[in-house]
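Colleague: Here are the chains, one letter per residue:
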Amino acid sequence: MADEVAISDAIAVERTLAGDRDAFRVLVERHSRTVYRMAYRMMGNAHDAEEVVQEAFVRAYRKLRQFAGNANFGTWVYRIAANYAIDRMRQKKAEESGLAAPSRPDEDGPQADPMNELADGAPSPERLVASAQLGERMRAALEMLSPPERTAIVMRHWDGCGIEEIATVLKSNPNATKNTVFRAVQKLRRALQPFQEGKARAMGTEV
Amino acid sequence: MKHRTEKELIAYREGNSREGEVIGAHLEECAECRAEMERIEVLYAAMDALHVPEPGEGFDSRIWQKIAPRLEVKRAHWWDELLAPRRLGVAGALAAIVLLAFYMGWRTGPHSNAPGIQHAGAGNVRERVLIVAVGEHLGRSEMMLMELENAPTRQGQARVNIASTQKRAEGLVEENRLYREAALQAGDRGMASTLDELERALLDIANSPDEVTPEQFEAIRRRIEAQGLLFKVRVVEQGLEERKAKPEANPQEIQAGAKERKKT
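Chains A and B, in that order, give the protein sequences. Heads up, the first sequence is in the working numbering, so the first residue is 28 and it goes up one at a time. Heads up, the second sequence is in the working numbering, so the first residue is -12 and it goes up one at a time.
Simulated from the structure, these hints should not be mistaken for laboratory data. Every value quoted in this text rests on a predicted model; they were computed, and no experiment measured them. Where hints are given, some of them may not hold.
Unchecked claim - Below 27 angstroms or equal to it, Euclidean Cα-Cα: the simulated DSSO-like pairs (lysine-lysine) are: (1) A:K198 x B:K(-6); (2) A:K120 x A:K198; (3) A:K198 x B:K(-11); (4) A:K198 x A:K90; (5) A:K119 x A:K198; (6) B:K(-11) x A:K119; (7) A:K90 x B:K(-6); (8) A:K90 x B:K53; (9) B:K154 x B:K219; (10) A:K119 x A:K90.
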């Protein structure tokens, strides 16, 4: 970049739209790590997370003219990345199960019973105990969540997003989104129950 | 005693509960629900333990190198430049100031028939209009910063909603940029520097999420406090008030002053 002085996101967007492709680099370098952290928690590994980051910025660049300018660029590209990550998670789940990816509204709808899904695929206590690190246990538990649940809990807990913002990404309404967050927390609790029991005892409360 | 459900307790922990105060009071009294709440807290603590490995130095450059070949250079349309939302906002504010200055110049113009004096008088009017406009902008900014500094946070609160403050900050950013540029052009470095610091703080708030954790909220407050921003804004405001309170310069004095400046 020729400019040494930090320019605002809005100016970088304007310059990019005016044909200065390098101005977009400012935006990539400013926001890629935030997007990466979210993508890592959603995808569970560095390789897929990096792919999400790349794709999110390419999509943002191509849709830049649609960028309203009344929201901030960081939030916008974050949403694009979250949407792409949901699609990738679905695709991966479908590939793993050998089934076609379910359509978006049905997946988080009433037919999908998250507790059944958890019961079928939850890590057993043995598996949990065998995991050396708590982080690993959490990662394994996150794997059990549906893509919308995982998106909701990542956005809510780690990135501090509001319910409305999460609802926008999930293409849902705030009440349904609150339920999605609840289901995610509930599933994680069940999956981490053995650990929780030990920890609760250590805290002086019985389960 | 009727115990609270897991769903109610999680909603309370998430800050989504409609009966937050009732549940809070219940938790004070009910040991069983309190124990359940502690178990829920254990889960949240476990979530914090999920570490994301840093992608390493050069990550940003690597991402750019990978995506750059996929980005076709955009051809600019003249209307994009003209209709850019940011530019429209600034243009609107400028138009308002010019119109106001014109109106006030028209009102005060007939004091003298000499063209040079009229010109000096119009310059004086423009300066006064800007003083009033910047003063009002600083007043709005000060109010927002004060609200942020004095915003109460409850103990144990999971999230702090700053959506309304954030929206106000977004609105003030463009205005601020306009006045900072005007101050720079007028050679008022002191004001430009304060407006520059204010702009960074406004961007900091505007770019935050709608809801932040109490820790993030405290960090924003600390950054603003560390800069002594509120104090600096008040000093500039005070200076503007004093300039505003000064009686309008006599047109002959302005003309004489202008002649003196030309000589030097």
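Colleague: Can you list which hints this structure breaks, lowest number first?
Modeller: 3, 6, 7
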